[in-house]
Structures are given as structure tokens and as C-alpha cells.
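J.: Residues per chain, in single letters:
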Amino acid sequence: MIMSNKKVWVFFLNLIFMHQSYGLQHSMSNHHSMSGDHGGMVMNDNHDNLPLGCERISGEESITVSAGQQYAKDIPGAIYGMSQHEWNVDPCTRVTVTFINEDEVRHQWMVHGLPKYLYPAGMFHIEAMGGMSIAGTFIVPSENRNYLVHCDMAQHMEMGMRGQLVVGEGSGDLWAVTGVTDPFYRASYLPDNLIYLSLVVLFLGYSLTSWLVRMRQKR
Amino acid sequence: MQIKKLKKHYLLLFISLLAMFLVFPSQWYPFDMRLTLTSWFGAENYRALPQSIITPDSQSELACPNDPSGWRASQIIDGVNIDESLPCLADNPYSVAAFVLGTNNVSKETLQRSGLTSDAIVKGRDLDGDGDPDEIHIRLEVVELNGSSPISKRPVTTYDIAPGVQPGIWVFAPKLIGMAVENFETQEARYSLKLPSPSIRIEQGDVVKVTLENTHYMPHTLHLHGADHGFIDSTGEGNDGVPLTSELPILPGQSRTYNLTPRKAGTMFYHCHVQPHVHVQMGLQGLFIIEENRPNNNLQTMNLGAGKVRAPSQSLKESYDSEYDLHYLDLDKELGVRIQENNDPRLITQSMHRDYDITDANVDFFTLNGRSFPYTFRESLIVSHEGEKAKLRVVNGGSKGIAFHTHGHKFTVTERDGVKLPKSNQTPQDVLWMATSQRYDLDLSFVNDGTQTYGPGIWLFHDHQNKGTTTDGIGPGGNISAIVDKGYLDESGWPMTRGVSYAQYFSADYYKKKIPIWESYIPSFYAEPEKDSILLFRILLLMLFFGSFLAILRSMFLQRKKT
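Protein sequence lines, in the order shown, are assigned to chains A and B.
Position one of the first sequence corresponds to residue 1477 (the numbering used here), numbered consecutively onward.
Position one of the second sequence corresponds to residue 305 (the numbering used here), numbered consecutively onward.
Wrong hints could be hidden among the right ones.
As the list claims (entries may be wrong) - Derived SDA-like pairs (lysine to any residue); straight-line CA-CA distance at most 20 Å:
hint: 1; chain 1: A; residue 1: K1549; chain 2: A; residue 2: T1657
hint: 2; chain 1: A; residue 1: K1592; chain 2: B; residue 2: E486
hint: 3; chain 1: A; residue 1: K1592; chain 2: B; residue 2: I319
hint: 4; chain 1: B; residue 1: K457; chain 2: A; residue 2: F1660
Unchecked claim - According to the in silico footprint, chain A covers these stretches of chain B (three or more CB under 8 Å from chain A):
hint: 5; segment: 418–432
hint: 6; segment: 450–462
hint: 7; segment: 546–558
hint: 8; segment: 616–628
hint: 9; segment: 701–711
Just so you know, these hints were derived from the structure itself, not from any lab.
All values derive from a computational prediction rather than experimental measurement.
Ideal Cβ positions, reconstructed from N, Cα and C, are used throughout, including at glycine.
In isolation and in its complexed conformation, chain B is listed as follows (with noise of 0.2 Å):
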């Protein structure tokens, strides 16, 4: 009876082993074995590979967003000149009079329109009697983007980098009164609430306070990198806002004026100086910039989310047309993140500051003024005419180098850190590297002799090191942006490129990795194939006769076991 029951289980033990060598897919037999079949029967016929699978039209955004409030075109504002604007969106023109004038002496209906508090920049006594005012007092407050909430899953108060994309990020902002919001339909971050933190432009000799107003929920100071300050000011308050060495940091609800005066111009930077290596990277920096002294100086205290400067100082004036701040700054999607993964500070900074190990770090967004492409082409074209010259201010704040490119153009540095170079080491370069915090004033010429340009065009300009043209792996992204001559752009300031069509980049599923990268000009041909249907059909057989295969020996062990 054992012995029948025992012979029954070979039998099926051998149907199982056949049916397994059936199914088993010929494409995985060994080399030799595959070869001397070959040698018997030939090729197996042709099968066609699998087809391309149709991608889905997806949601693309508008490139260029018109401006019905006609933000863009030059414009007098209580008296102020502001300068076009020509990319599709430009800086609020009434911010930009109320930043010249100090919010305490504008118009009420400029400051209104403007959005920002009447004490948020205060421009006092023309103390060497040149024409401008020399007393500044700046506020910044603190502001966190793309954070969580206690009651929805998705990040508040957002702010896209590029499509669909929204690190967690902190920035120094102006003081603006009302909501961090655009209106009660959305969560996204009001027009003036951006990356990267304003830049901030005071004369030379100033006397100048810059107050910060902690609104944030972590601790924060202000170093002033760069700039000619005292370690303490002269009530004999820290003033240097390193909290090793100078002064506690701000604690939330808290606020703290520093001083300074200082006596050397110059591109400089400031950022906060508590656990700098997260704070900093966050997004707390921003371009700090010294002018010349020159009567009748009226600058543009700050110029949000830097890029063009809509009302440049008398001492730009002198010697170019135009002037483009360009911060440079990389993210890291590891970092951001840890602020949307909980609502409880105590939680957030274990998370920011002993969880994350920034030594074993990369980054992952590359940002210019606070956008990675295409977002760039909207703000931060540097618009050419040519014969013009325009001067450039440039950081670096991210965490990684940057080779600085330009196409079609050669730029001469003038000033490394706020210093001038001698003329004899400036010459005509195409490829800039610039280190962490490192500032560069660069002359952009638009005279068409061959080496300052090759001519009017559309020009690109990015960081060469290729990562840095990418947005989390996905090209074109990152920091590319472009030197545009006005004759290249259309009405509404979008670039006449000649290439590939944007709309495809200006979808967020195209940086969520779900569109096949040439579908726009040739589709389906690179398309994501369809999976091999039959193949995997052979291989869950397999399994399958493999899984009964093996209860048949567990049996035979057993009936062994029992005998």
C-alpha cells in the first residue's frame, strides 16, 4: 500500500519537473545549451517586440501667465522710476516705489498696493546732505514654505520650484502685512513670499539697522557675511549673529536690531548662523549689497527674489544699463522634507538636527532666484539690447560648487567678494567657478565683437556641472535660464525659441518621472514599452508548477517519515 501511495508521488514528481522544463522561457537556457540548439533548429521565429505604450495628454500650465495689472511695463510711482520688466512676471511695481522711497514715506495707496507694513523699511535723515536718505532701518521676518499642518496631509503656504515640485523651505522675507497666502482659495504662498530670501542694497556709510522678527518657530540670528560690522554695536549688543561667539539666538515671538555702517561697498551676504549647516541650506540667505556713496543715491532697498533690479542706484547708472541679482541656490529633497513629515517642532528639529547627517548628503534642486527651470524663463531672463552692458551680482549659497556658463557670451569679472580686481585679471571668460557663499560681479557686455557676444539670440546660461541643469535627475531642469535679446521675445515676454515646445516642462508629471522625455516632438517613438505579457505568463507557471513540485517532495518526505 506505502509502497503504490510512494510510487504515485514519482509519477507526479516527474509530471511536475516536465511541466516546469516546458514552461521554462528558452531565452534563459545556458550559453552552450542555447547555441547547439541553435545549431540543430536555427533562429526562433521572429516576435514582435513590445509596442509603445500611448502616453496620456497630461495638464500643462500656462508658460507665461499674462499680467493683467500691467506690472511689467516701466512705470512712475509717487515720482519713483521703475524700469520694464520685460519676462512674464515681474516684481509688484508699487513694492518696488514703497522699497525706494521707505514704506514710511510712500503714498498710502503705493504702501497698500504694495502689501508691506508702513515700518518695513524706514528711510530717515539725509545725514551727509547729498540728496539721499543714510538712515535705513529694514525689518525681516521669518518665514517657512511648502510646511505641514496638523490637519491636512499636503504642504501649506506652498511654493513651487518648479512644477509640482515643493521642497520645504525657509526664507527671510519682508514685512507684509495680512495673510501668508494668495486668497482663502488656495494654500499658496502670497506673490512676495518666495525664494530666495530679497536682496538687500544699502550705500556706502549708511547708518543702518536691520531688525529681525523671529515669526518662525525655531531659533534664528542674522550674520551679516561680508559687510563691515562690528562684533558688538555700541550698546554693547552682539551684533555679529553667531551664536558661538557673539549673542543667544532670537527665540521665537522674539526680534533683535542689528547695526552697522558700513564704510567699504561691495556684493556681500547675510544668513542665519544657528546650526548654519541646516539653517542656511533651508534657504535663510541672501545677496547683501554695499553701493558706491553718490548723491542723490536712491536705492531699491530690496529687490524680492532678486533678479532684475527695477530702480538701480545712481552709482549702476554711471556705468551700465542694466543690473540682474542671480542667486544660486541647491536644495536637498532629504532635507526639505523633514519639515512636512511632522507638525511638532520638538519633532522637526530631532528630525533637522541629529537625524540628518548633511556628511552623507546630496542635493537635488537646483535653484536661480528661487526657480528651477522652466520657471526660470518666466523671471529670471537676463533681457539683452544690443551695444548695452549689463552688470551681474552673483552668489553662490548652495552647498556645492558651480560652474558658472554662459552661452554666446564672455563675461569679465570685476569684483570676487566684494572686492575689486585689478584690471589686468580681467579678461573675458565663458566658464565661472564659484564656491559656497562666493560672490561675483560680473560685466555682461551685448557688443557684438565676437568674443562679449556672437550676437542677438536666445541665449542659455546654467551651472555646467550637468547635475546642476536638472531637477532631481530630470532634464532640463535645475538652474537654466537664458540672456534674451528684446527682439527674441514676444508680447507677453515669453522667449521665441525655435526648438522643442515647453509645454510638456511645464507639467508637473513630466519632473514626477511619467513622461517619456522626447514624447513631445516624437511620440511613442522612445515611449515607455508595454511589459512582455507572455513571457511573464511563462514565468508565473513556472512558479506555479515549481510551487506543487515541491508539496509533492514535502508529502513524499512525510509518507517516508511514517513508513
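This is chain A alone, in the form it adopts within the complex (with noise of 0.2 Å):
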């Protein structure tokens, strides 16, 4: 496999982003702040303090975020999406998600990598049950980066959610953010007696070669 440095390199903030940068205990989740009610919770909301290297909150954004089944129809070989994959904001943005499950199940929209003196586990993380809408407000750090955003939930990141935060200009593309990076192990759709079809073609390259070849020593 052939990849650029950048892509090397954002291939291993993947890698990080997956098993290393956080190190809580789902058992010691008292220590968040979480606020929760039937309709699911907001964990790590944070409204006015400010990441380091912020001196004020740069701007204001609001983004609607849908999930659920409908969302993965146009995608092939998803299951679960939602409405966008892709989010844009300045750094030292405050964010406010309002997140809305049309689905029957529950979904969660998770940032990860987060600073964790600011965010307990370096997460901001919402929860809504089936049918439920909530909205959590966090503030984005000052440097430019990409955040893993995904669902939690047992195959759900795998099957399509699964996007990515870009903070200012962002430090290159997560791989297999759904619609707009592709999987880093991409299945084989190859037919399956695919050694004979090669075979026939390498003969037929070997004759048509050796015919044209004994035309050209004839003239």
C-alpha cells in the first residue's frame, strides 16, 4: 500500500485517537459532569471555561445534528448515519450540539481527544434514546486538529458513524469517516473465480502478442 506522509501520519493520530489518549474508567464515570434525564445525557457540557491558549470564545455555532437508520440509505454498505459526517468550526468555538435520534434505539454523538483538564477523559460526549433530541454545548481548544466524532455503541462507529471535527484547518483527514474518507481496509468486491478470468487473459495476452510478433517477421 502506497500513502503519503500526511496520510501516515493521520493514520496513526488515528491509531491514537482509538486506544490511547484516554484513560478512564467507565466505573469512575461519577467523576464527569454529567447531566442525564429519560431522554438520554450530556457529559462533559462546558459552557464558559476556556481551553489554554484561548482568550476568549472566538464565535458562537450551533450544529443540528440527525442520526439513524434513514440516514445510511444512500451510503452503501452503512447501516447507521447521520445528517453530516463532517463539521467545520474556528478554533476556541463554542459549540452547541443539539443532537436528534429518529431512530427507536439509542445513538450518541462522542468527541474524542479533547483536552482533560477541560473534559474528563478528554470527551464531550451526548446520548439521546430512541426518538429523543438533546442538545450539549462544549468549547473547542485553540489548535488546529481533527476530532473523532462517532457513536459508541457496538458496531455503530464500524457500520457508518463515524465523523470527523475539523478545529481551524484541521491536521488531516481521520480515515473511514463516512462519505468522505475511505476505509483504511477496504473489503474485497472482486468475483470470486477471478484466477481463471486472469489466467484466459494472461494466454490471450501471451498469443495475440506471439501472433503479431510472427506477422511482424513475416514481412
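Both chains are given apart, each in its own frame, so use the hints to dock them into the complex.
T.: In C-alpha cells, the structure reads:
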């Protein structure tokens, strides 16, 4: 596989997002600031605390995200989706996300990799029960970076609910963002008996060439 | 000139033949020739057989992780009495309390510690005025364990049935809030997401709703096997969970509520009925227990991962000291791997439902309460105490039969498929044949009379069909667990066994077939031998000379053709 330097870097960033940068046990979730009711919950809501490097809130951004099976209908191979999978905001923006769950099952809108001194476990998390709409607010840091946004229910990210929040210039696209970037491991969509077909074409190439050579020699 | 060249070829041909003859291993000479040679020269000189390879130390997990949260001890949470659970790993007592009171009635702190959503188990009114709630609303989700990912070749939301063994699995799961994994540093599924699907307990006559919220990427249903339920519900909706007869399957992102008010008590079963030959074997099945109606009968509505019931019912406590749910399930690795090979649901569907042929299939993994030995020793021990009596509710959810066998005890079958057997049929036995999906209720008594038990100890219980005691053919593994007297458990809940060390069984390498099986107590004696390097060298030389022999033949052939 040939990868540009940028892609390699993004890939490792991606791995870090997935496996390393967050370290809080779920059983300790009472350390998060969590507000919730029957309709769902918001974890680490933050209206006022500025990230380091932000002198003030640079602006307000309202994002409305609808989620559910119907947003995957037009995406081959996806089962769950969101109304969009990429969001661009300026550094130090206060972002209010309204997450509308149009399915009859739970869904989540979870950002990873935020600074841990503001957001325990580095995450901002909205969870909405089926048919519910939940809003939450957080302030993005000052550096240009791409943040993974996903639903962490088993297989929901893998089956389409995988997006990216691009702050400022961003730091390079993440892999497998639905409808935006390719999966890092793309499945094979080749016919079953490709070996026979390949052999036939190989033979065709061989006989065509030898026929041409012979024609030329005759001339 | 030509003839001279040919002569030279003959000479080369002879030399290569001679070389082949010299390096040809003498142990491969024809039998009669070897006999003749032996009569002339006697046996060949002694040459030591290859040495044993020293097995490098492999990483072993801790057999019994400690319990810093104090979950094992008996405790009272929100007024609910929760029995002690002595083996190493115990169920979360806060979940147990929430299952008893209902997630709508439990304190906020308990609910948070249980990890459940507030609508996971909703308990309503006491309809018959006997002191316990009779309106019960249970919610189930569908969770994939050890599935695939578009960015990683390793399984995600992992669940090990044995050290390093991660077959693809589907389960019904309680409705939990938050992430599916334990924390951000790992892909390990959170503690309450496990195989098998939870045992569900309701009371005879309860007005029960079970809502299946299909959080998975394939269609599913819920079929209440053996439990008294209507084919359609009061609103005319299909209620049997069978796509062939009663209703369409529940699509991803959708939900459906099943209704029942069972008139009969007994140990029943629930499972998905969509493409059941695949979906049931993937793990979409659980025990469905209907307890007899009693006053103040507050049931533990779910028992996660089956096993010991930490808050047993009134009806149970009348006749028994403890209760265990035993869920047996076998798994086919060739089926489970199909959710790991691809991340496209269309390809997964094709692979599981068209390419996979169950009539050619065999099973490889044998689980009891979702784990194989040695993990069964962490969480699925039956703890005995002299003079006491336990009730076992056993289901064989696997695709093959099970010869359930207990060491040191003879048990009595009291019910089969949720129906009481006449007293005259209740005789002690120590092997019980269980067909697929069959349930048996067993009395296991710890009265030391030479029949019910032969006394306190560490007594195994397992499927006596030999393959059931292996993990993909490697023993000990499979569904082996033990009935252990309290006096034989150490502080941490680990049985004080007197035989072999368990260290190598807690190493993934053992089940990857990399460790000689008796290495722990007789190191290197039965280890893998080194390769016979001398013989190998001679074979390679033989091939080399044979090659040159062929080349000479060819060049002679070409020479002839020219002349």
C-alpha cells in the first residue's frame, strides 16, 4: 500500500484516537459532569471554561445533527448514519450540538481527544434515547486539529456513525469518515473465480503478442 | 567431437547418480535390503535423537484478579439483600439491586453505578396486592462482540471466552448507558456486555413487556420458547417473533414490544428467530425463567452472564439455599469469524447466510455461562456448603447434545422443559443427556451420604462428551467448571487445587497450541523435539544432485537431437 506522508501521520493519529489518549474507567463515570434524564444525557457540558490558548470565545456555532438508519440509506454498506459526518469550526468556538435521534434505539455523538484538564477522559458526549433530541455545549481548543466523532455503541461507528470535527485548518483527514474518506481496510469486491479469468487474459496476451511478432517477422 | 561430448555427459551422469546414492538416507532403503545389510554389518551406530526444545516462558494472566470494588461480599443496596458471590469475579451488586427494584425505583447513585439506563427495567403496579410489582417492562439491545472495523484488523468490542480466544458473537444485552467498551485505552467490552445473553426472571401472572431495541446491523426478533404467550398481542400485532408465521423482523434502528402474562411457571428459553440456524448459534439466546407466584416475591429480573442468582426469589428460598443458572453454548469458529473478515454488512450477510453451510459445520468452542475453562473457574463455580441444597437451571443452547456430568455428586432432575416430573421419576443420577434447547431443573444437594455427595472437595462438572472439555481441540478447556466446598476456596475465591499449576492455562499461547501440554510439571520432558538437521541436510543434498542429474539428462537429449 502506498501512503503519502500525510496519510501515514493521519493513520497514526487515528490509532491514537482509538486506543491511547483516553484513560478513565467507565466505573468512575461519576467523575464526569453528567446531566441526564429519561431522554438521554450530556457528559462534560462546558459553557464557560476556556481551553488553554484561547483568550476568549471566538464565536458561537450551532450544529444540528440528525442520526439514524435513514441517514445510511444512500451510503452503500452503511447501516447507521448522521445527517452529516464532517463539521468545520474555528478555534475557540463555543459549539452547541443538538442531537436528534430519529431511530427507536439509542445513539451517541461523542467527540474524542479534547484536553483532559477540561473534559474528563478527553471527551464530550451526547447520548439520546430513541426518538429523543438532546443538546449540549462545549468549547473547542485553540489548535488546528481533526477530532473523531462517533457513536460508541457496538458496531455503530463501524457501520457508519463515524465523523470528524475539523477545528480551524484541521490536522489531516481521519480514515473511514463516512462519505468523506475511505476505510483503511477496504473489503474485496472481486469476483470469486478471478484466478481463471486472469489466466484466460494472460493466455490471450501471450498468444496475441506471439501472433503480432510472427506477423512482423513474415513482413 | 559430438561423441566425445556425449561421453563426457555419461561421466557426469554417473557422478551425479553416485552422489545421489551416497547421500540417500539409509533408513529409507527397501526393507529387504536393510535386512541384508544388517546381516552383514549389524545395526548402525547410536546417534542421539534430537534434543527437546526449551519452551520460552509465556505471559500468563493473573488467574484471579482481585476485587477492589468489594463486589463479591454480601451487601444491602437500597434495601435489597444481595448474597455473597465467592468466586473471583462477581456480578455488579448495583446492577443486581437495580434488577430487583427496577431501574425506575432505584436510587440515582445505584442506577449510575449499575450502568443501566433509567428505562432498562421498569417495574410498575402491584396488581394482585401481594407486595411485589406485577407490571414489568424489560428492554433488550443487540450487541456484537469481537466484530470487525474499517480501520483495524483486530476485533473490536472484544470478549475473550478463554485466554486469547475471541470468536465473533452476538448477544442480547441489558440497556446500558454510555460506551460499549470498558474505557478509552482498550477495545475490551464493558463488564456487563457478555456472553450469554442475560437470564430473565419474571413471576407467573406478571404483566410483562419485553421491548427489543435492535441496535445491531441485521434484522432480529425475540421468540419466547416454552413461555406462555399469545401468537398475537391484544392490539393484533405479531407476538411470537417468528418471521415465517407471525411478523416481520425488527430492522436496525427499530424496536418492538412483546407481551405476555404467563399462566405457568418453569425454566424456559428465549432466542432470535430470524435465520435461527445462524442467529441462535451466534449467541442470541438466553434463559427465560418464570417463577411461581408468591407474596413479596421481588425477583432479580436479569442475571447478567447467567451463573449464581445473587438475589433469589421468595419461591426459591422456600426450598433451596442457592440458585444457579447454567447456560451451555457451543460455537463454530468458522461461523464466528465471518463477522471479523469483512466490515460491509452486505458481505457479512452473504458470508453468514449463503456461503456458510451449517450442514457441513462442526463446533469448536464449548462455553458455560459464556466462558471456557479456565475462565469458568473465575466466575462459574458452584459453591457448596455441607448440608445445603442448590437449584440448578440448566439449558443447552448449543447445536449439539450435552452429557452433563457431575463429579462427587448425584443430582436429581425435578423439571424438564419447565414441567415438573413425577416424584417416582426423580432418581439421583450423575450423567444427563440434554438435547439442543432443552432445559432441566436439577436439585444438587450437599448432604454427605455417599449418593448426594461423597463429601466436601473440588469436584468438576462438565459435558462428558470428550470434545466438550476442549477449546478447539486443546484440553483442558471447554465447559469444565467445578462444585467447590467453601472450605476449599482461598480469600480471593480461587479453589485451592492440589494438582497441576494453572499458569499455562491462563496463557493465550497454550490455546494457540504453542506450549507443550505437560510443560508445567515435567518441563521439557515431553517438549517438542528439535528437527533432525543431519537428515534434513542429506535430503537437500539429494535434491541438489537430483537436479543436476536432470539437467545433464536434458542437455544429452538436446545433443542427440542436434546430431
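J.: Do three or more residues from the segment 546–558 of chain B put their C-beta atoms closer than 8 Å to C-beta atoms of chain A?
T.: holds (count 4)
J.: Would the hint linking K1592/A and E486/B be met if the CA-CA limit is 20 Å?
T.: holds (18 Å)
J.: So if I understand the rule, the pair passes when the alpha-carbon distance is 20 Å or less; does K1549/A with T1657/A pass?
T.: holds (18 Å)
J.: Are at least 3 residues of the segment 450–462 of chain B within less than 8 Å of chain A when you compare beta carbons?
T.: holds (count 9)
J.: Under a C-beta cut-off of less than 8 Å, do 3 or more residues of the segment 418–432 of chain B approach chain A closely enough to confirm the stated coverage?
T.: holds (count 4)
J.: Are there at least three residues in the segment 616–628 of chain B whose beta carbon sits under 8 Å from a beta carbon of chain A?
T.: violated (count 0)
J.: Three or more residues of the segment 701–711 of chain B near chain A by CB distance under 8 Å?
T.: violated (count 0)
J.: Is it true that the CA of K457/B sits at most 20 Å from the CA of F1660/A?
T.: holds (10 Å)
J.: Within 20 Å, alpha carbon to alpha carbon, are K1592/A and I319/B?
T.: violated (78 Å)
Hints 3, 8, 9, counting from the list given before, are not met by this structure.
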